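Quick note: the sequence shown uses this note's numbering, first residue 1, plus one each step.
Worth flagging that the hints you see were computed from the coordinates, not collected in a lab. Just so we're clear, the structure is a prediction, and the values are computed from it rather than from any experiment. Think of the CB as a built atom: it goes at the ideal place given N, C-alpha and C, for glycine as much as any other residue. Some hints here could point you the wrong way.
Claimed, not checked - BS3-like cross-link-like pairs, simulated, lysine-lysine; straight-line CA separation at most 27 Å:
no. : residue 1 : residue 2
1   : K77       : K203
2   : K291      : K370
3   : K334      : K436
4   : K261      : K436
Claimed, not checked - Listed next, with one range per pair, are the computed distances between beta-carbon atoms:
no. : residue 1 : residue 2 : range
5   : N210      : R352      : 24 to 30 Å
6   : R352      : P84       : 35 to 41 Å
7   : H313      : V11       : 53 to 59 Å
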Amino acid sequence: MTVSETKDEPVRMFEPFYLTCLDHTVGPVFMNFFLSFRCSNIEECLIATNQGITGLIDRLPFLTGDVIQTTTPDGRKNVMQIVPSSILIREVPMISIKQHPHQLIPNLPLQIKAGASKNQRFASLDDSYVPPVSLLPLSPGPRPVFRVQVNVLADGLVLAIGFHHSVFDATGAGRLIEILAECCGGPSSHDLTPTTEVEDEIKLRRLVDNIGTFTAGSSRPRKDEGQNSNIETSTTDSDWALPKLDVYSFHFSATAVTQLKTACNSVLSDIQSRQYDDARPGGESKNPRQKFISTNDILTALAALDIYKARSHHIKDGQIEINAEMVVIVDLRKKLASLPNSYLGNGVSLIRARAHLQDAFPNPAVLVSKQNQHPTIDNTTLLEITALALQLRQKLALMDDANVRQDIACLMSNKDWSQLGTRLPDTIVSSWRQLKACRLDFGPALGRIAEFNPQATLLDGFCIIQPERAGDGCGEKPGWEAYVTLQSDAMGSFLQNGVFSTLSQDKVARYIS
1 MTVSETKDEP VRMFEPFYLT CLDHTVGPVF MNFFLSFRCS NIEECLIATN QGITGLIDRL
61 PFLTGDVIQT TTPDGRKNVM QIVPSSILIR EVPMISIKQH PHQLIPNLPL QIKAGASKNQ
121 RFASLDDSYV PPVSLLPLSP GPRPVFRVQV NVLADGLVLA IGFHHSVFDA TGAGRLIEIL
181 AECCGGPSSH DLTPTTEVED EIKLRRLVDN IGTFTAGSSR PRKDEGQNSN IETSTTDSDW
241 ALPKLDVYSF HFSATAVTQL KTACNSVLSD IQSRQYDDAR PGGESKNPRQ KFISTNDILT
301 ALAALDIYKA RSHHIKDGQI EINAEMVVIV DLRKKLASLP NSYLGNGVSL IRARAHLQDA
361 FPNPAVLVSK QNQHPTIDNT TLLEITALAL QLRQKLALMD DANVRQDIAC LMSNKDWSQL
421 GTRLPDTIVS SWRQLKACRL DFGPALGRIA EFNPQATLLD GFCIIQPERA GDGCGEKPGW
481 EAYVTLQSDA MGSFLQNGVF STLSQDKVAR YIS
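My request is simple: use the sequences and hints to build the entire structure.
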């Protein structure tokens, strides 16, 4: 038995439902996650995969649906709705199959070693590995919610999990992968009494919009209201050409990350002593005093500062100054009390800051009390990183349930939801560290994911902090990994001169797609 393309997939029926206002802030991108499995028995892995995908669709039948645009009964225009598929389910099968008999599944620990892959053809993870759905809509009309392509390689499988980004954010897609793992584990994993997962999801989507409808005093304007994302606006210009982009992965050992975190938190105490002890009482401060800055804060700040510096090295005569604005994508499930971690839809907002050196330095000026806080990073650079990380941590602390409700209310006040797209600056950092993908057990045939890869992004200045890997069983803590996308000339400077690259201790690989 093998997995077969589901060209005759029966139409699954479910109650159509509208996407939320938060779903409409995300561009209509069809994203893909790659899950790689090493298989000693390909046939058994294919059986488990087929079982898992079938179980996932049984539990969430709207995955077979289409996303359309419509007008709601209350007069809102260009609202996306998920409806049972009529045509696309025939044109684009739920499961596609591709054979790559001469390629090996990705193995980043090997690929980061110079010359290690000369005689080994690792999976390219290019367009031939993903479901036949365009990244962006090529014409008006329905778009699929979800598709899977099973890629059969010489030593295992690569599953491309494709999803409409307006339906799921990265955390929601991560939850889909958790359910898939449960369904791959064996018949007992999905041969259960039908659950209320679909009904619960629809209720939560309505809850998000109702939060905005019932929130009073929501006249505060959105800074980015009415401005579409870079992804959407770029496709409307017939003269727009995709710049040459490079994507690299960076691996940081747990020791290197701990060392940097310790140094930055030591500098943090100097910054906050200057800001709070010499000034007004803490109760009068706009920004609450922070006990620590996290590894996420620090790597985010470091990536943004190095991206800005790398771009600045290539300013030509007469060229305008590099835009220093950056955003961090924030998971609202941690901020909105009524939104559970199991929510599949888009539950994200943005924190904006400036990764400019002058903006990053604290005011008033701070002297670092201890010299040589870090063996390879000077105190001035540590101060830059720590100050920007502190800004991000303070802004995150100010984002609470009440603020989120007001933001949603502002979105709900708009009658044309095609205008809700978020304006994206030139630098974006998104952390997927919390996703459980690499620690899941997909059953006896598939086991754990060997490699988790995002599809190479088209966004210049995009940094993704990868999900945490499973431990190696030898007691060594898993490190941190990140993907960075930059135009080729800036990437050269990022690799040669950046602290981000140096901290990875040469554990750097060009992304293979």
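Now for the hints, and whether the structure bears them out:
1. For the given pair, K77 sits about 21 Å from K203 by alpha-carbon distance, which is consistent with the 27 Å threshold.
2. For a cut-off of 27 Å, the pair hint linking K291 to K370 stands: about 19 Å separates their Cα positions.
3. About 16 Å separates the Cα atoms of K334 and K436, which keeps this hinted pair within 27 Å; it holds.
4. The straight-line distance between the Cα atoms of K261 and K436 is roughly 23 Å, inside the 27 Å bound, and the hint therefore holds.
5. Separated by about 27 Å at the C-beta atoms, N210 and R352 satisfy the suggested range of 24 to 30 Å.
6. Our hint of 35 to 41 Å for R352 and P84 holds, since their Cβ atoms are close to 39 Å apart.
7. Against the hinted window of 53 to 59 Å, the Cβ-Cβ separation of H313 and V11 comes to about 55 Å, which satisfies the hint.
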